[in-house]
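Enquirer: Following the hints, complete the assembly by docking chain B with the ligands onto the known chain A.
In case you want the letters, here they are:
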Amino acid sequence: MSAHALILAGADADRGWRLRDYAARGGYESLRRIVAEKTSPDAIIAELKASGLRGRGGAGFPTGLKWSFMPRAFPGDKYLVCNSDEGEPGTFKDRDILRYNPHAVIEGMIVGAWVMGCTRGYNYIHGEIFEIYRRFEEALEEARAAGLLGPNILGSDFSFELFAHHGYGAYVCGEETALLESLEGKKGQPRFKPPFPASYGLYGKPTTINNTETFASVPFILKMGGEAFLGLGKPNNGGSKIFSVSGHVNRPGNYELNLGTPFPELLEMAGGVRDGRKLKAVIPGGSSSPVLPADVIMDCTLDFDAIGKAGSMLGSGAVIVMDETACMVRALERLSYFYHEESCGQCTPCREGTGWLYRVVRRIEEGLGRPDDLDLLRSVAGNIAGRTICALGDAAAGPVQSFIKHFTDEFIYHIEYRKCLVPLAVQDAGNQINASRPC
Amino acid sequence: MLSQESLQQIDREIAKYPPGRKQSAIMSALRIAQVEKGWLPKDVIEFVAAYLGMPPMAAYEVATFYNMYDLEPIGRHKITVCTNLPCALSGGVHVAEYLKRRLGIGFNETTPDGRFTLKEGECMGACGDAPVLLHNNHHMCSFMTMDKIDSLLAELESQ
Ligand SMILES: Cc1cc2nc3c(=O)[nH]c(=O)nc-3n(C[C@H](O)[C@H](O)[C@H](O)COP(=O)(O)O)c2cc1C
Ligand code: SF4
Ligand code: FES
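Heads up: the protein sequence lines correspond to chains A and B, in order. Mapping the first sequence onto the working numbering, position 425 (from 1) lands on 425, and the numbers just tick up by one. Mapping the second sequence onto the working numbering, position 133 (from 1) lands on 133, and the numbers just tick up by one.
Just so you know, these hints were derived from the structure itself, not from any lab. Please note that the accuracy of each hint is not assured.
Unchecked claim - Which stretches of chain B does chain A cover? Using the computed rule of at least three CB atoms under 8 Å from a CB of chain A, they are:
#, stretch
1, 36–49
2, 78–86
3, 123–129
4, 134–148
A virtual CB, placed ideally from N, CA and C, is assigned to each residue, including glycine.
Chain A with its partners taken away, still in its complex shape (with noise of 0.2 Å):
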């Protein structure tokens, strides 16, 4: 069995998010230890390494080196930051972790302060769910008056506070530093990289930022240790990771599944394809990540490296599921439309060719498509990539590329015939409301 809850056993339910919950589950012992044996931060490092724990933002940067990189013994404040604006589309994991776990994240932040030195912190919630923002400052408020966060954790001199802020609606602030604009209370632009957060964050002070799933690893890699963590899954690809299942499968939801379970196990395990049609494509990491067809996905297991082989990336682990019905030119419309709105408009290649991006696939779908609208397509994605002040330019890219090269059929059909390959009928039947979902 691949089935592997770690952040979210026994998460089915919204009861079992309180302190006495988690601490009933084991959970602030990694805490307690640590302050008790003053572990030092060297070795939590070394464990997380071992661990093989990689970013479950999107990067897939390794957790432990990025926590050696902050300079501990640098004067003065420090912060660290939970990305928590989860807003890709298919992305729904980090939700699920805060309103079944808030625990998890909370401890494996003070440990995160601990090790780096860090004396403040914040969790950044997506404006969209301000049902869980309530509830983490509720978990927040438990967590302070059982003295694990505040002056003095648990009678010892370490001292970390930790607040949530909240997003309202802007899909960029999910990017580390338009989100450290955010926090500072101004619009959330990225900044020019470098310098990084670790030398210039918050306030301009030394910050290091984490997806809320990578702090929510942490108590559980500490409590079982780094060496088993790794072995739940391949070499390099340590853990279990949560995968959020979205569009035409039976069952979409959250399953936290060791690093390297084959695709069909879980496609199974959400249902499989709806109504029993057939599997057309994949998108396997939020909709950045370039599409796969049916039978390339088929064969791959779910980790970062067998995924990016495939041409793809496994990213937040957000798995949109498309059947026959589906159409690709309409599909990537849709995905075109939010990046042209969401651009923050910084730089020209990413304002203007997002822009272009969506008129054109637009144009296509709606049967005004040129013959040469696909090269045009190709041309204007060529020139945004790798030409930005951040990912999201690459992101509004990788999608039509990917979308392009593997369904060129059914651009080229659309171009010729002015309509869609799948029929109009089949594709509304196709996306009505999940009949057997479980709610």
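Expert: Quick look at chain B with the ligands alone, frame taken from chain A:
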């Protein structure tokens, strides 16, 4: 300009940030002001800016950058439907069409009685619950169906 209660809430937000970093509370402060006033008129934004000791221009920039702030009067109930790809694959567009028919308005429009405003939203990070919609920014309604929309509208109409 704002009620005592709103100001107290804003003060609690300010306390989250280091001394001299009041501006960090602007997003919360605008949210709190919007909940009280229904939307964000210019003078309210200016008041909030002054309260936080920041230039009014910097507060406008924030209010215009983030989608969930309303810079024009809207209906008493704002309904934002997600039509991004994962939701669209599972009835998001159908639900939006149904709402348009039921309310007799399109996106970014308000019913003549001033009760409802309909908006199209981007991914809310809840795609597994598709179709999803937000009521007045802060309440998420998951796994929507036409029946559930009917009861939601009936409930809101009776308020
Ligand atoms: C446009 C854009 C949106 C992003 N959105 C998110 C997000 O919602 N959540 C997240 O954790 N990381 C997001 N990232 C990645 C962050 O910049 C950053 O790499 C990540 O938070 C680091 O955490 P990790 O090392 O734990 O993965 C985004 C990046 C870009 C370019
Ligand atoms: S790439 Fe796009 S979103 Fe990123 S900074 Fe440039 S304009 Fe803004
Ligand atoms: S696509 Fe609708 S919530 Fe994500």
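Enquirer: If you test the structure against every hint from before, which numbers come out violated?
Expert: 1
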